[in-house]
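A.B. asks: Given next are the chains, with one letter for each unit.
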Amino acid sequence: MRSVFIPDSIEEALSIRHAYPQSLWMAGGTDVLVQLRRQKHLEDDRPLILLERVASLARIDVHEDNIRIGSCVSFGRIASDPLLTAEVPVLTQAAATVGGPALRNMATIGGNVCTASPAGDSLPALYVLDASVELVSASGARNLPISEFLSGPRKTALHPDELLTSIVIPRRKPPGNLQKYEKIGKRKALAIAVASMAAVLRVNPACDVVEEAHLAWGSVGPTVMRCPPAEEALIGRPLTEEALLSAAEFVPKWVHPIDDIRASAEYRRALGARLLLRLLDP
Amino acid sequence: MSMDRNTDIHFILNGEPTECTCPPDMRVIDLLREEMGLTGTKEGCGTGECGACTILVDGEPRLSCLMVAAQLHGRRIETVEGIEHSAEGRTLVDAFVEHGAVQCGFCTPAMEMTALALLRSRKPMDREAIRKVLSGNLCRCTGYVKIVDAVERAAKDASP
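Residue numbers (full-length UniProt numbering), protein chains in the order written: chain H, 1 to 282; chain R, 1 to 160.
Careful: at least some of the hints might be erroneous.
Within a straight-line C-alpha distance of at most 30 Å, the following computed DSS-like cross-link-like pairs (lysine-lysine) qualify [said to hold, decoys possible]: (1) R:146 <-> H:186; (2) H:155 <-> R:123; (3) R:123 <-> H:188; (4) R:146 <-> H:155; (5) H:40 <-> H:253; (6) R:132 <-> H:188.
In case anyone wonders, no lab produced these hints; they're calculated from the structure.
Please model the complete structure; the sequences and the hints are all you need to start from.
C.D. replies: Take a look at the structure:
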């Protein structure tokens, strides 16, 4: 049996962590409880520190230059938040694909980032938004770009004495006017991604020419995959099938998928490329 | 707050103030079924992929297989055993019976709890919206048509 701590503040959470270095952070519990059940050892009595009642971790704060999403904000809230839906729809679309509705009431964005699964649904969206994470310990705070925080499959740069407190999303001015998150799974709900793609584009409304392109893929490599030549191939061109097909040619060479029970590496390469064409969908 | 060994956990269960003494890391599904004898809530996958263990926590659907008992402290919990306490719940149960929306019955308690939260939200619901709300609840028998029929009917009957 393990002890369970329910701190009310970040300070209290960090002091419990200091006293119990073997403890486990638990945000929504939808990953950590599954992992603990899978690796069930009777001698495992590491305490759980539940973060669900730390009010400051459950806030969405909008500032002039950025939006800060508390690490314990659920995907259900993100998916239905009006400001996020207006400004960063790539993230709200990603949030709406996580598990099913009840799971989204529990699963949190901070948990998704710290689990660092190659198939983590929010991660490609956070990459294309240039998000960073705020990490707090008793000795101070630091901020890391999401791409540096995620160091490999299920690996992060989180120090043992640190807590991920918020995700910081810079507010682009103007925001990307074409934002899309696409996820392919075995079914529409309750499925782990076979491949996913997040895109934020700035398309000139007058001439339909792409001025900015940010692309990232999930489930096609050890962590989120980027493809700079595909982004470059789109810039300065009208957003047409032809332009997307020429950008798509680069994708199979830049991703590093594996064969697993959900799909083959070869299929994932082809899928990653074809997902780009969905940018033409209304 | 810290909880170790056997802890007293206080919460409201189906409208009744409840106190129970149990390990704080016991899964809520086990607490309900094994300790409290409330076997209406079912365990399907145990990993958050089927929805069979859905209960309402402060009115919101949650998965009781992925919660520990300590999380219930101070919360309002509803299980299928309390569904007929409310007019919406009775409407829903009647609609499931009327439409034959139950085959083996294993997914039914959770389907009804998810639908109960939907009915209370008073949002206008077409079939597509109902299917989305129920998308986290798997049924391996019915093909969902009769379940969606029942919820659609209950939503009509419950709205003024």
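A.B. asks: Please write out, lowest number first, the hints stated earlier that are contradicted by the structure.
C.D. replies: Numbers 2, 4, 5, in rising order.
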